[in-house]
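Trainee: Spelled out, the chains give:
There are 2 protein chains.
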Amino acid sequence: MKIYDLSPEISEQMAVYKNKSEKRPKIKVTRTLKEGTNESKLDIELHTGSHVDAPYHTLKFGNTIEKLSLDKFMGNSIVLDLTKVKDSIRQSNLSKLRIKKNDIVLLKTKNNPDKNFNPDFTYLHKSGAAYLASKKIKAVGIDSLGIERNDPSHETHNILLRKNIPIFEGLDLSKVKQGNYFFHGLPLKIKNGDASPVRAVLVR
Amino acid sequence: MKIYDLSPEISEQMAVYKNKSEKRPKIKVTRTLKEGTNESKLDIELHTGSHVDAPYHTLKFGNTIEKLSLDKFMGNSIVLDLTKVKDSIRQSNLSKLRIKKNDIVLLKTKNNPDKNFNPDFTYLHKSGAAYLASKKIKAVGIDSLGIERNDPSHETHNILLRKNIPIFEGLDLSKVKQGNYFFHGLPLKIKNGDASPVRAVLVR
Numbered sequence: 001m002k003i004y005d006l007s008p009e010i011s012e013q014m015a016v017y018k019n020k021s022e023k024r025p026k027i028k029v030t031r032t033l034k035e036g037t038n039e040s041k042l043d044i045e046l047h048t049g050s051h052v053d054a055p056y057h058t059l060k061f062g063n064t065i066e067k068l069s070l071d072k073f074m075g076n077s078i079v080l081d082l083t084k085v086k087d088s089i090r091q092s093n094l095s096k097l098r099i100k101k102n103d104i105v106l107l108k109t110k111n112n113p114d115k116n117f118n119p120d121f122t123y124l125h126k127s128g129a130a131y132l133a134s135k136k137i138k139a140v141g142i143d144s145l146g147i148e149r150n151d152p153s154h155e156t157h158n159i160l161l162r163k164n165i166p167i168f169e170g171l172d173l174s175k176v177k178q179g180n181y182f183f184h185g186l187p188l189k190i191k192n193g194d195a196s197p198v199r200a201v202l203v204r
Numbered sequence: 205m206k207i208y209d210l211s212p213e214i215s216e217q218m219a220v221y222k223n224k225s226e227k228r229p230k231i232k233v234t235r236t237l238k239e240g241t242n243e244s245k246l247d248i249e250l251h252t253g254s255h256v257d258a259p260y261h262t263l264k265f266g267n268t269i270e271k272l273s274l275d276k277f278m279g280n281s282i283v284l285d286l287t288k289v290k291d292s293i294r295q296s297n298l299s300k301l302r303i304k305k306n307d308i309v310l311l312k313t314k315n316n317p318d319k320n321f322n323p324d325f326t327y328l329h330k331s332g333a334a335y336l337a338s339k340k341i342k343a344v345g346i347d348s349l350g351i352e353r354n355d356p357s358h359e360t361h362n363i364l365l366r367k368n369i370p371i372f373e374g375l376d377l378s379k380v381k382q383g384n385y386f387f388h389g390l391p392l393k394i395k396n397g398d399a400s401p402v403r404a405v406l407v408r
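First to last, the sequence lines map onto chains A and B. With the numbering used here, letter number 72 in the first sequence gets 72, and the count goes up by one each step, no holes. Convert by adding 204 to the 1-based position in the second sequence; the result is the number in the numbering used here.
So that you can see chain A by itself, here it is in the shape it has in the complex (with noise of 0.2 Å):
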């Protein structure tokens, strides 16, 4: 069995989307061997990092991520190489893929989310999230920390979401090929969460 970590570290030097510093994660100490044990705190915004993004995220009436059946979060994955797109990923992008209904769909581009924030990201027009939901994905991943950019209506996040297609967004994608392979990333059972901080691996 061959175990590819897809998350990249949570540290206070860690990359935050547009580099806000609220979404910088804090870790504090709370107690130390000389009391007992080595003990500490994580404070973290859930879309920091490797995380899933739940339908409520941008749906007034969407689930929450402790409500959306467990069996969307692991499964048969395909890692797409999508490294020569320049700006978005769009249908045409994707038409010619094999693409299959359940698959757990992972857009490996030319970003790197364990680098700086790069605003300039690639990410899946609305017209590629359109043709991915008509496939019956599972879910779909990608390697920025956004999956759109600048889009006030939040068109992909929409489209997707409403299907309850959940969404993976910082996933590490730089060392893993095209190919099929079975993902995991489950969401820590969080109530009322708009998403979750994950570890996702890919195995083979």
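Some hints here could point you the wrong way.
What the hints assert, rightly or not - Subject to a maximum C-alpha distance of 27 Å in a straight line, what follows is the list of computed DSS-like cross-link-like pairs (lysine-lysine):
(1) A/LYS115 x B/LYS395
(2) B/LYS206 x B/LYS381
(3) A/LYS191 x B/LYS319
(4) B/LYS206 x A/LYS101
(5) B/LYS206 x A/LYS2
(6) B/LYS264 x A/LYS28
(7) A/LYS34 x B/LYS222
(8) A/LYS28 x B/LYS206
(9) A/LYS163 x A/LYS136
(10) B/LYS395 x A/LYS110
(11) A/LYS72 x B/LYS290
(12) B/LYS330 x B/LYS305
(13) A/LYS28 x A/LYS115
(14) B/LYS339 x B/LYS290
Stated by the list, open to error - To spell it out: a stretch of chain B is covered by chain A in this simulated footprint if at least three of its residues, at any positions, have a beta carbon under 8 Å from a beta carbon of chain A; those stretches are:
(15) 238-250
(16) 382-395
Claimed, not checked - Computed, partial: chain A to chain B, Cβ under 7 Å:
(17) LYS28
(18) THR32
(19) TYR56
(20) ASP71
(21) ASN150
Since the hints were derived computationally from the structure, they do not count as laboratory data. If you're wondering where the values come from, they're calculated on a predicted model, not measured in any experiment. Here a beta-carbon is modelled for each residue, glycine too, at the ideal position from N, C-alpha and C.
Since the structure of chain A is provided, determine the placement of chain B on it from the hints.
Mentor: Just chain B now, kept in the frame of chain A:
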């Protein structure tokens, strides 16, 4: 594929170890749909709810959570029904059970991490820990919020963690029966983490 969810919900009302208020998570809404999207933050003690302890929790030179091989957190698992054990699980409770090398061993007791904290929870005695370590298991889990009870020397933890055997605590095993499953409980990749909250599941 049947998935059994082993993680209690994370909320401000959840049961926490010794009912310590500082161990209770805080969930704070940071943005709402009116401002664009629903977003929130989670401030959580790493040992709250279902979580996994790294060697550094009790050992000065122990590995931190992000340093452990990911294969320790997923694999073949055996649930052992120890619901008749009253106080602590000793070698004598385990020695007749079919525990194999590299198993992820889950100790199902009369505890339930989702109910109010019970200070008299069933725990793993150091003789049980030494037996499990001698069987070269991959990881161990229990349905109490601690695997030992009021032992200032942390012998049960130390015996396991010295062998780099991660310890899952706070698992809800009330809905699974004794038997073999596949387990997943990947930690967040927290820099220098002494533990991590997890979403743990059994799959059959």
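Trainee: Are the hints correct? Go through all of them and say.
Mentor: Hints, one by one, checked against the model:
1. The hinted pair formed by A/LYS115 and B/LYS395 meets the criterion: a straight-line CA distance of about 16 Å does not exceed 27 Å.
2. Taken as a hint, the B/LYS206 and B/LYS381 pair is honoured in the structure, with Cα atoms around 13 Å apart against an allowance of 27 Å.
3. With a C-alpha separation of about 16 Å, the suggested pairing of A/LYS191 with B/LYS319 holds against the 27 Å cut-off.
4. Pair hint B/LYS206 plus A/LYS101 holds up; C-alpha atoms about 19 Å apart against a cutoff of 27 Å.
5. A threshold of 27 Å between alpha carbons decides the hint, and for B/LYS206 with A/LYS2 the separation of about 23 Å falls inside it, so the pair holds.
6. Taking the CA atoms of B/LYS264 and A/LYS28, the gap is about 18 Å. The hint holds against a cut of 27 Å.
7. At roughly 20 Å between alpha-carbon atoms, A/LYS34 and B/LYS222 fall within 27 Å of each other, so this suggested pair holds.
8. At most 27 Å may separate the alpha-carbon atoms for a hinted pair to count; A/LYS28 and B/LYS206 exceed this at roughly 38 Å.
9. A threshold of 27 Å between alpha carbons decides the hint, and for A/LYS163 with A/LYS136 the separation of about 9 Å falls inside it, so the pair holds.
10. About 26 Å separates the Cα atoms of B/LYS395 and A/LYS110, which keeps this hinted pair within 27 Å; it holds.
11. Proposed proximity of A/LYS72 and B/LYS290 is contradicted: the alpha carbons are some 39 Å apart, above 27 Å.
12. About 19 Å separates the Cα atoms of B/LYS330 and B/LYS305, which keeps this hinted pair within 27 Å; it holds.
13. Between A/LYS28 and A/LYS115, the direct Cα distance comes to roughly 24 Å. Compliance with the 27 Å bound is thereby established for this hinted pair.
14. A C-alpha spacing of about 24 Å is found between B/LYS339 and B/LYS290, which places the hinted pair at or below 27 Å, so the restraint holds.
15. Figure legend: the region 238-250 of chain B, annotated as covered by chain A; annotation consistent (11 residues with Cβ-Cβ distances under 8 Å, at least 3 required).
16. Counting residues of the region 382-395 of chain B whose CB falls under 8 Å from any CB of chain A gives 7; the rule of at least 3 is met.
17. Taking 7 Å as the C-beta cut-off, the interface hint given for A/LYS28 is violated, the closest approach to chain B being about 9 Å.
18. Below 7 Å, beta-carbon pairs count as interface contacts, and A/THR32 has none with chain B, the closest being about 10 Å; its hint is therefore violated.
19. About 6 Å separates the beta-carbon of A/TYR56 from the nearest beta-carbon of chain B, less than 7 Å, and the hint is met.
20. For A/ASP71, the interface hint holds, since its Cβ comes within 7 Å of a Cβ in chain B; the closest pair sits about 6 Å apart.
21. This hint is violated: A/ASN150 has a C-beta 11 Å from the nearest C-beta of chain B, more than the 7 Å allowed.
Figure legend: structure checked against the earlier numbered hints; hints not met, in rising order: 8, 11, 17, 18 and 21.
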